[in-house]
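Trainee: Those protein sequence lines, which keep their order, are chains A and B.
Residue numbers in the first sequence follow our numbering, run continuously in steps of one, and reach 290 at the last position.
Residue numbers in the second sequence follow our numbering, run continuously in steps of one, and reach 1604 at the last position.
Note that these hints are calculated values from the structure, not bench results.
It is possible that part of the hints are untrue.
A few chain B residues facing chain A, derived, Cβ under 10 Å [said to hold, decoys possible]:
#1 A1152
#2 F1302
#3 A1305
#4 V1306
#5 V1310
#6 I1311
#7 V1315
#8 P1316
#9 F1568
Calculated from the model, a selection of chain A residues having no Cβ within reach of chain B, i.e. all distances over 10 Å [said to hold, decoys possible]:
#10 S171
#11 F225
#12 P278
All of these numbers come straight from a predicted model, not from anything done at the bench.
The beta carbon of each residue, even a glycine, is placed where N, CA and C say it ideally should be.
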Amino acid sequence: MDFGATLLPILASGLAVGAIYALIGVTYNTMYSTSRVMSFTSGQLGMLGGVLGSLFILRLGMPLIVGFVLTIMACAIVGVVTEFIAVRPVLKSLDQHLYVLSTLALALMIQQFTAIEWSTEPQPFPRLFGLGSGSFDEKFWLPVAACAFTIGALELMQRHTLVGRAFLAVSEDNFAARSLGLPERNLRIASYALAGAIGGLAGFAGGELMLAFFANGGQYNFYGFVPVALGGLGNNRGSIVGGLALGLFQQAANFLVGGVFASVAVFIAFIIVLLAAPQGLFGTSTARRV
Amino acid sequence: MTVETTTSVTGLRNRPFGAARSERWSQLAPYAALAAIAAVLPWIGNEYWAVIGTRAAIYWVLVAGLNLIVGFAGQLAIGYVALLTLGAYTTSVLVAGNVIPAVPLPLAFGAATVIGAVFGLVVGLPALRLRTFYFAMSTLGFATIVTQIALAWKSVTGGGIGIVAPEFPAPFNTPWGFYGFCLIVAAIATWMSANVAHSRFGRALVAIRDAEVAAEANGISKVQFLVPVFLLGGAMAGIAGGLFATLQTYVTPDAFTFDLSVLFFIAILIGGRGSILGPLLGTILLTILPEFAAPLAAWSTFLYAVLLLVIVLAVPGGIADLIDFKNRRPLTDAREIQPQPALLSRVIARQPGSQPLSLRNVVLAFGGVRALDGLDLDVQPGRVHGLIGPNGSGKTTALNVISGYYAPQNGSVALGGATLELGHPESRASHGIARTFQTPRIVGEASVLENVMIGATVTGRATFLETLLALPRRATDERVLKAKATAALTAVGLETLADIRANRLQHSELRFVEIARALMLSPAFLLLDEPAAGLSADEIDRLGSLITEISRQGTGVLLVEHHADLIFAICERVTVLNLGRVLAEGAAAEIRVHKEVVSAYLGA
Chain A
1 MDFGATLLPI
11 LASGLAVGAI
21 YALIGVTYNT
31 MYSTSRVMSF
41 TSGQLGMLGG
51 VLGSLFILRL
61 GMPLIVGFVL
71 TIMACAIVGV
81 VTEFIAVRPV
91 LKSLDQHLYV
101 LSTLALALMI
111 QQFTAIEWST
121 EPQPFPRLFG
131 LGSGSFDEKF
141 WLPVAACAFT
151 IGALELMQRH
161 TLVGRAFLAV
171 SEDNFAARSL
181 GLPERNLRIA
191 SYALAGAIGG
201 LAGFAGGELM
211 LAFFANGGQY
221 NFYGFVPVAL
231 GGLGNNRGSI
241 VGGLALGLFQ
251 QAANFLVGGV
261 FASVAVFIAF
271 IIVLLAAPQG
281 LFGTSTARRV
Chain B
1001 MTVETTTSVT
1011 GLRNRPFGAA
1021 RSERWSQLAP
1031 YAALAAIAAV
1041 LPWIGNEYWA
1051 VIGTRAAIYW
1061 VLVAGLNLIV
1071 GFAGQLAIGY
1081 VALLTLGAYT
1091 TSVLVAGNVI
1101 PAVPLPLAFG
1111 AATVIGAVFG
1121 LVVGLPALRL
1131 RTFYFAMSTL
1141 GFATIVTQIA
1151 LAWKSVTGGG
1161 IGIVAPEFPA
1171 PFNTPWGFYG
1181 FCLIVAAIAT
1191 WMSANVAHSR
1201 FGRALVAIRD
1211 AEVAAEANGI
1221 SKVQFLVPVF
1231 LLGGAMAGIA
1241 GGLFATLQTY
1251 VTPDAFTFDL
1261 SVLFFIAILI
1271 GGRGSILGPL
1281 LGTILLTILP
1291 EFAAPLAAWS
1301 TFLYAVLLLV
1311 IVLAVPGGIA
1321 DLIDFKNRRP
1331 LTDAREIQPQ
1341 PALLSRVIAR
1351 QPGSQPLSLR
1361 NVVLAFGGVR
1371 ALDGLDLDVQ
1381 PGRVHGLIGP
1391 NGSGKTTALN
1401 VISGYYAPQN
1411 GSVALGGATL
1421 ELGHPESRAS
1431 HGIARTFQTP
1441 RIVGEASVLE
1451 NVMIGATVTG
1461 RATFLETLLA
1471 LPRRATDERV
1481 LKAKATAALT
1491 AVGLETLADI
1501 RANRLQHSEL
1511 RFVEIARALM
1521 LSPAFLLLDE
1531 PAAGLSADEI
1541 DRLGSLITEI
1551 SRQGTGVLLV
1561 EHHADLIFAI
1571 CERVTVLNLG
1581 RVLAEGAAAE
1591 IRVHKEVVSA
1601 YLGA
């Protein structure tokens, strides 16, 4: 196989989309860790990262850094809105899985609003730094860099800050954390804001590659969930490994046999792996209460 | 203890005799009204109305099947538009003959039915093993892929340009003719889904939704009950897809937007879970609604989403809850549970067995904690065996090992000569092992009678296909189960509450409902997990005589209980556990004065 012409583009685009999927997976996990809820808004946050970046920088002509900060802040707010509207009201009856419907409804509202008010066609995303070309173009390595940065920051936060440890405590045992006097509700809101920022970052960093397109939300929802399912719920490392592997697999299939078969292959692999290992490849099963 | 034989007068008997028939008519009346409206539509409306009516009927063919999956079984299949797409392309491609030589229309519909069923099952597979969200995702992913394939596989589907849909022969080739045809299909779909809903299959699905643990204890395995429903739902969606194609006259991928999935879903939720009439009304409503809100057409999906959110947050019960007048009637406050143990022989009616239920050297550790540490236990048929001990001594864990929720690391559970499979709760019912739970596990939205009928799910004889087509064995099953459930409810003293929704009952009443449900199996062994918790002193007395009489009918009872009085009043043998081991075992009288037991547990 010709390295420069085939393998390198596969690696570059595979790692790039893989990093985006991984970050969306981390978004799912971050929301899940404090609320035990998987939210359909995760993928929409990635979509918003691209659309808002394009809106602020290209359409409104803001400087790069201002546009970036505003995008991340807006996505963090959408994360908090998710918690308020779609998660908190149904937390009491978690076993009825109403959150699937409430977050789906909110995700659809975000997507449709974007389609109508922004555009139903993919719109260009600004070139951020103008670095690199070919397979080393920034559009390929920016998502990877964003992913590395996020993982590093999350690890540092969990190990060295009080808030990070509080997150861990709540995700480990909600009731125990509350009885220790941890402000469980505020931590949950904070984790949704954090998740929003991570999702926004994923979409922003991947904007040059995926463009500012309302339908990206649905794609991110599914492909971002695959690494979560494969890696085990709440397991960030599993999501990163799963996301990158998914990206490489998908892009390789894309280059070699075409996009549709790539999607079919991913779907079949998803179903088979889940049936074989319901807890994910890196997850652990929990004892059930009778 | 005296055996109560008085028939209770609780003031709830406000239905005159013969009300059953009029109730049946009042249940059918709304459907008759809808049919009448549908029948007069051609005389009062124009052909545009024919199209809308046809669309509603086609949507309902799909929703009727999906309703069993979403509304009854509680499985959140959100990408069902994909199966509609598959059905539409299957009939169109086969009739057009651009892959294989053209096939006649009925055969194409047959193929759409089969393909719909197969993919309905494929998409449903994750639901058999995984948590709800995974299933939602897999259906969503499937919906995405089907649209992509429809776009890309140009040689077959015509890509974005599309393909001509099959035309129906006369007299169904006019708008009103096709309308009539679709109405007939919709009526058949309603009838079939009602047949399933009001059978042991429908009740089992609701049990899987609302009381999964109890469902397993009653022998309801997800695979056995969900697979046929996935097949049925897929098949109906495939047929709906074929009809939808003909209605559109031309099939393109953009006719199958995700909006449709949301519409189907909301129709069910608006209608209310576990109802057929509700989702039917919901489907009609959502099909007609956009016709009145034409200026908002661009925002329709957005508005559907808002509607979905509002329903989930504000009226989770849906239309069905709003029109459920029967359950608005207040219940009498001062009601007493008056069991009639003398009537138990009608329910249990079993040949007293001679085989004991025995545990040998059972070891079960959770991490480092040995919850059961080499437990031996023998429960004899026709006897009441008490299992007592301090909190955390392993009583409930032992029950959970017997009923298969926990698989011990070592040891065996045997019923007579047969060794029971470890860790398969859904296999226990067929061995005649029934149980109740510390916290009653009841389907709150079903009536008390339906809850009790769930107990005998495994004894039903009609297969899914027979049930679907209302063949004679379905009616026999229903009659037998209903009679037995009524007898069981009478025996435990709750017959006056039979038609009441279970979540309106008091805690103590639910305990007796669980016992009635367990008796439906005519169990060889009955495991009771703290049945007296939360009961008044009088109720405990009556419970005691009920349990005694159950054992006299030949059923072996294993009773986990903290009320020492009850234990020593009715148990012949008692096993005392401490730290997962047997501290003492013997006749009740011996245990009562056993030194170690008194000091470790009973107190002086």
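Trainee: With reference to the structure, classify each hint as holding or not holding.
Mentor: Hints and how they fare:
With a least beta-carbon distance of about 4 Å to chain A, the hint placing B:A1152 at the interface is held under the 10 Å criterion. Restraint check, B:F1302 versus chain A: the minimum CB separation of about 4 Å is within 10 Å; hint holds. Nearest Cβ of chain A to the Cβ of B:A1305: about 4 Å, under the 10 Å cut. The hint holds. The closest approach between the C-beta of B:V1306 and any C-beta of chain A is roughly 6 Å, which is under the 10 Å cut-off, so the hint is satisfied.
The beta carbon of B:V1310 comes within 9 Å of a beta carbon in chain A, closer than 10 Å, and the hint placing it at the interface holds. Hint status for B:I1311: holds, given a least beta-carbon distance of 8 Å to chain A, under 10 Å. A cut of 10 Å between beta carbons decides the hint on B:V1315: the least distance to chain A is about 12 Å, and the hint is violated. For the restraint placing B:P1316 at the interface with chain A, the shortest Cβ-Cβ distance is roughly 7 Å, inside the 10 Å limit, so the hint holds.
The beta carbon of B:F1568 is not positioned within 10 Å of any beta carbon in chain A (closest approach about 27 Å), and the interface hint is therefore violated. Chain B leaves A:S171 outside its interface by the beta-carbon criterion, the shortest separation being 17 Å against a cut-off of 10 Å. Not every Cβ of chain B is farther than 10 Å from the Cβ of A:F225; the closest lies at roughly 5 Å, contradicting the non-interface assignment. With a cut of 10 Å on Cβ distances, A:P278 falls inside the contact zone with chain B, its closest approach being about 5 Å.
Figure legend: structure checked against the earlier numbered hints; hints not met, in rising order: 7, 9, 11, 12.
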